[in-house]
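**Q** Sequence order for the protein chains is A and B. Residue 0 is where the first sequence starts when you use numbering that gives the first Met the number 0, and the numbers rise one by one after that. Residue 0 is where the second sequence starts when you use numbering that gives the first Met the number 0, and the numbers rise one by one after that.
Be careful, since some hints might not be right.
Claimed, not checked - Here are the in silico distance ranges between beta carbons for each label pair: (1) ALA760/A <-> GLU137/B: 44 to 52 angstroms; (2) GLU171/B <-> LEU352/A: 50 to 58 angstroms; (3) ALA116/B <-> ARG780/A: 38 to 46 angstroms.
What the hints contain is simulated information worked out from the structure, not anything from laboratory work. Beta carbons: idealized from backbone N, C-alpha and C, even for Gly.
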Amino acid sequence: MTGAGLSALWSYWRRNPLQLFTLIAGLALATALWTGVQAVNAEARASYDAAAATLGEGQYDQLLPKAGEEIAQETFIALRRAGWIVGPVTEGQVGPNGAIRLVGIDPLTAPGGLGPVGGGGGMGLTEFLEAPAVFADAATAARLEGLVDAPIVVEPTIAPNTAITDIFVAQRLLNAQGRLSRLIMASEQPLGRAPLAQVAPDLVRRTAQGGADVGRLTDSFHLNLTAFGLLSFAVGIFIVHGAIGLAFEQRRGMVRTLRALGMPLGRLITLLAVELGVLALIGGTIGVGLGYVVAASLLPDVAATLKGLYGAQVSGTLVLRPSWWLSGLAISLLGTAVAATGALMSVARMPLLASARPRAWATTRGTLRKVQMSVSLGLLALSGILALSAEGLIMGFGVLACLLIGAALALPGVLGGVLALVQSRATGVTAQWFWADTRQQLPGLSLALMALLLAMAANIGVSTMVSSFRLTFTGFLDQRLASELYVSTESAEQGAALERFAASRAREVLPLLSVEAALADMPAALYGARIGATYRENWGLLGEAPQVWDRVAAGDALLVNEQLARRAGLWVGDDLSIAADLTLPIAGVFGDYGNPIGQAIVAEDVFTRLHPEVRATRFGLRTDDPTALRDALTQDFGLAPQAITDQAQIKAFSLAVFERTFTVTAALNVLTLSVAGFAMFMSLLTLAGMRLPQLAPAWALGLTRRKLGQLELMRAVVLAALTALLALPLGLALAWVLLAVVNVEAFGWRLPMYVFPRDYAVLGLFALVAAVLAAAWPARRLARTPPSDLLKVFANER
Amino acid sequence: MLLDVKGVKKSFQGAEGPVPVLRDIDMTVGAGDTVALTGESGSGKSTLLHLIGGLDTADAGLIKLDGQDIAAMGDSARAAVRCRDIGIVFQQFNLIPSLDVAANIAFQARLAGVHDAAKTKELADALGLADQLHKYPENLSGGQQQRVAIARALAALPKLILADEPTGNLDEATAAEVLAQMLSLVTRTGAALVMVTHSPRLASQMNRTLHLRQGMLA
Numbered sequence: 000m001t002g003a004g005l006s007a008l009w010s011y012w013r014r015n016p017l018q019l020f021t022l023i024a025g026l027a028l029a030t031a032l033w034t035g036v037q038a039v040n041a042e043a044r045a046s047y048d049a050a051a052a053t054l055g056e057g058q059y060d061q062l063l064p065k066a067g068e069e070i071a072q073e074t075f076i077a078l079r080r081a082g083w084i085v086g087p088v089t090e091g092q093v094g095p096n097g098a099i100r101l102v103g104i105d106p107l108t109a110p111g112g113l114g115p116v117g118g119g120g121g122m123g124l125t126e127f128l129e130a131p132a133v134f135a136d137a138a139t140a141a142r143l144e145g146l147v148d149a150p151i152v153v154e155p156t157i158a159p160n161t162a163i164t165d166i167f168v169a170q171r172l173l174n175a176q177g178r179l180s181r182l183i184m185a186s187e188q189p190l191g192r193a194p195l196a197q198v199a200p201d202l203v204r205r206t207a208q209g210g211a212d213v214g215r216l217t218d219s220f221h222l223n224l225t226a227f228g229l230l231s232f233a234v235g236i237f238i239v240h241g242a243i244g245l246a247f248e249q250r251r252g253m254v255r256t257l258r259a260l261g262m263p264l265g266r267l268i269t270l271l272a273v274e275l276g277v278l279a280l281i282g283g284t285i286g287v288g289l290g291y292v293v294a295a296s297l298l299p300d301v302a303a304t305l306k307g308l309y310g311a312q313v314s315g316t317l318v319l320r321p322s323w324w325l326s327g328l329a330i331s332l333l334g335t336a337v338a339a340t341g342a343l344m345s346v347a348r349m350p351l352l353a354s355a356r357p358r359a360w361a362t363t364r365g366t367l368r369k370v371q372m373s374v375s376l377g378l379l380a381l382s383g384i385l386a387l388s389a390e391g392l393i394m395g396f397g398v399l400a401c402l403l404i405g406a407a408l409a410l411p412g413v414l415g416g417v418l419a420l421v422q423s424r425a426t427g428v429t430a431q432w433f434w435a436d437t438r439q440q441l442p443g444l445s446l447a448l449m450a451l452l453l454a455m456a457a458n459i460g461v462s463t464m465v466s467s468f469r470l471t472f473t474g475f476l477d478q479r480l481a482s483e484l485y486v487s488t489e490s491a492e493q494g495a496a497l498e499r500f501a502a503s504r505a506r507e508v509l510p511l512l513s514v515e516a517a518l519a520d521m522p523a524a525l526y527g528a529r530i531g532a533t534y535r536e537n538w539g540l541l542g543e544a545p546q547v548w549d550r551v552a553a554g555d556a557l558l559v560n561e562q563l564a565r566r567a568g569l570w571v572g573d574d575l576s577i578a579a580d581l582t583l584p585i586a587g588v589f590g591d592y593g594n595p596i597g598q599a600i601v602a603e604d605v606f607t608r609l610h611p612e613v614r615a616t617r618f619g620l621r622t623d624d625p626t627a628l629r630d631a632l633t634q635d636f637g638l639a640p641q642a643i644t645d646q647a648q649i650k651a652f653s654l655a656v657f658e659r660t661f662t663v664t665a666a667l668n669v670l671t672l673s674v675a676g677f678a679m680f681m682s683l684l685t686l687a688g689m690r691l692p693q694l695a696p697a698w699a700l701g702l703t704r705r706k707l708g709q710l711e712l713m714r715a716v717v718l719a720a721l722t723a724l725l726a727l728p729l730g731l732a733l734a735w736v737l738l739a740v741v742n743v744e745a746f747g748w749r750l751p752m753y754v755f756p757r758d759y760a761v762l763g764l765f766a767l768v769a770a771v772l773a774a775a776w777p778a779r780r781l782a783r784t785p786p787s788d789l790l791k792v793f794a795n796e797r
Numbered sequence: 000m001l002l003d004v005k006g007v008k009k010s011f012q013g014a015e016g017p018v019p020v021l022r023d024i025d026m027t028v029g030a031g032d033t034v035a036l037t038g039e040s041g042s043g044k045s046t047l048l049h050l051i052g053g054l055d056t057a058d059a060g061l062i063k064l065d066g067q068d069i070a071a072m073g074d075s076a077r078a079a080v081r082c083r084d085i086g087i088v089f090q091q092f093n094l095i096p097s098l099d100v101a102a103n104i105a106f107q108a109r110l111a112g113v114h115d116a117a118k119t120k121e122l123a124d125a126l127g128l129a130d131q132l133h134k135y136p137e138n139l140s141g142g143q144q145q146r147v148a149i150a151r152a153l154a155a156l157p158k159l160i161l162a163d164e165p166t167g168n169l170d171e172a173t174a175a176e177v178l179a180q181m182l183s184l185v186t187r188t189g190a191a192l193v194m195v196t197h198s199p200r201l202a203s204q205m206n207r208t209l210h211l212r213q214g215m216l217a
């Protein structure tokens, strides 16, 4: 019985390959974009985790120098003697432009083994100690050839662009004998050991944050990618829903016959579910394959973006990770289940003696339409209420979901209303028939149009967010990178000498002073600033008290960044404690885009009083002649050229990073829109086969087949244009939610929203082109329908 | 007795309350018997046929097929009886459009697990379908489609054939030809036949005629 039932069900797909293709293609596209994004995210996270495992970030507390970048070996010895269980790390950059991070560890004292050594990695402790080798993954190992005078061993578990070796080998290769970069603390420390301030007062303890630091930094980027993946998946599922709905409606007769001939309902439902499961797995497998291609093509840009924005090292090559391809198959099955639940329930509830005639798949019943509209209005209202009242990131996504689903459900009703209005004003019989016929086609095309609406709204929303970010960030860079030259010195003494040297040659010398601090009980950084013309003229503030700069310069107030202000619930006028004996009022709040932690700025004098041990090694220099100053610094002062970076270089680098981000966003935009275009194409093609009974009377009454084809094309363009118009306010609303709700909840800053009418017009044009392309073939087929086929409608032989 | 119907009642919900369609029906059909069920439109002929076939459930009464009470069975058990013991020929043919003629004929027999390729071919030959086996229903005439439906009903070797106006969609000459073939095959397989028809001429070719009037057997 099972075999006979399956063969009957399968025969439907064999006879309707176009529908089968639509279903599998929909599933494959939905899965592809989802798994593509997941693959990119998984690859990036694996790289972060590898880095965290290698470098001890995230898992263990660390001791870092309060100022400068080095710890003396004697300090390490003193700590060990005082009972502190710490492991030394020396690290530095090797290779062209310092592209490879060389990390030297001491596996005997490193807590629990680090990365591949001694822990869960593939390298034994004895092996590591016996062979004074440098370990790296294959790509990095290849680049290390000729750069280090030690044997190179390939170890795939090591993070990309990172090499690990014994600490003495690293010190030799980095020419840093006796110098340590940081100390990693074991989780368990003996009780009663001498306090850090007594043994090593120059060190500061940074607590573990329970995860890869860089992972936290890059969450915003991955969140955006995930949101895009989900939207693309939703668009794909619309296609699947349409294909399954049509297939089930057309098989009502078969279902009735199968049951009448003796197939139990339960068995039938099971077989239908199995059939869909198999199709979902096929579509999912193809999707995972396509997702791999999408991910492989996106990953280099994503890796470059992450490196540029956050300094995160992400492997540029993709690994087939079971987690993402299994999740791809799972999401394909889940999507099919969601799309098919209604259809399966309808089969389960269908009386055996129900009419076998397809129950007008292409015509939604009035009551259903009213229910859909009510649900839509409810969701839109809920979205508005949540946007104004709710808090938290999950709520932010709740707002997005309600807004998008509500708007998609409202689309058929709104389009129906517009078409009814146009129809009532149409003059001429052809026009009246055209608008009436378009209204009749609306339910059949509504899923595809909903997909188009979502894709366009996502495009508008995400593009607006990214473009607003770029615009804001560019302005922000202009403010923050006011100095013409940025200079790094090797020591505080060299820094002091440079300050004296530059005092007469530069318009302003701005030392960059900072320490890690806990502000408002949150990890943050405290900066000391020499308040002068540069700050007063260039820094725009989001909120400020009168005479803000005078007060900060006088040490009577401080500035905080937006992240700290929002997270701590502080604003201008509130007090912030920056030391046990110093609390200052907040005189201004500044935007600080891209920085994940809080920041406070006090006057240089206040900072030096609080942290006399911290001395500046980096400086911003204001000058009218950067070239002359650069020459003086290198030739007269003896600074290495690579210690000087000019403003233009940094800006160009930062903007280049954004261009890479745009490449990723643009690629995802194109993919999502393509999926929506495909949904429209398949819907039109499917409907074309069902259109003859509606078109034959018009043909018989005098409309030529060519004219009918042209009208079909025009119908698609009209519907796409109306959908594009409706997508604009939806996309802007989406952008507002992303900028004003999700961004604030996720990252702590709110970006101003800008609109880009030209971009929207171009997008609308793309949508129309997609509609014309989607409708061209079905319309052509219709225009070439043989008269004999049209006559069959009247012969009742169809 | 192959089929024993006793005290069967059935009502449908109308706008102004339940509308009785069958009132206290008693009838019997023996093995190999051929019975015509006649009556005006709305008299309850098709409803009675659906109840006997287990396609619908009676409000009251017994419907025993080979000693088993169909009326008391659940959906799955009734489906099993339909599959194994009953062949149904519909007025609208109800072939599976995506299966070719050969697969359609064999379909119920495969469901019942009694498929015999030789039997399928024999039925196709007897009904003049030997040249049509690889065609799809959409490429057949109405008469040919009904022949396929008859072959499908007989291929599973059921004890009872139920035919609901099987020639209602055919012209007179084709109808006569199809009915003759069906009667011949039913007689040959030894199955019983209950056929709903409006045509006195077709009814006259059955062993017995039962006439329904306002939900009761006259």
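**Q** Is it true that the C-beta distance of ALA760/A to GLU137/B lies inside 44 to 52 angstroms, as the hint says?
**A** holds, 48 angstroms
**Q** Please check whether ALA116/B and ARG780/A have a Cβ separation lying inside 38 to 46 angstroms.
**A** holds, 40 angstroms
**Q** Quick check on a hinted range of 50 to 58 angstroms for GLU171/B and LEU352/A, using CB atoms only.
**A** Given about 28 angstroms between the Cβ atoms, the range is violated.
Checked against the numbered hints given earlier, the structure breaks only hint 2 and satisfies all the rest.
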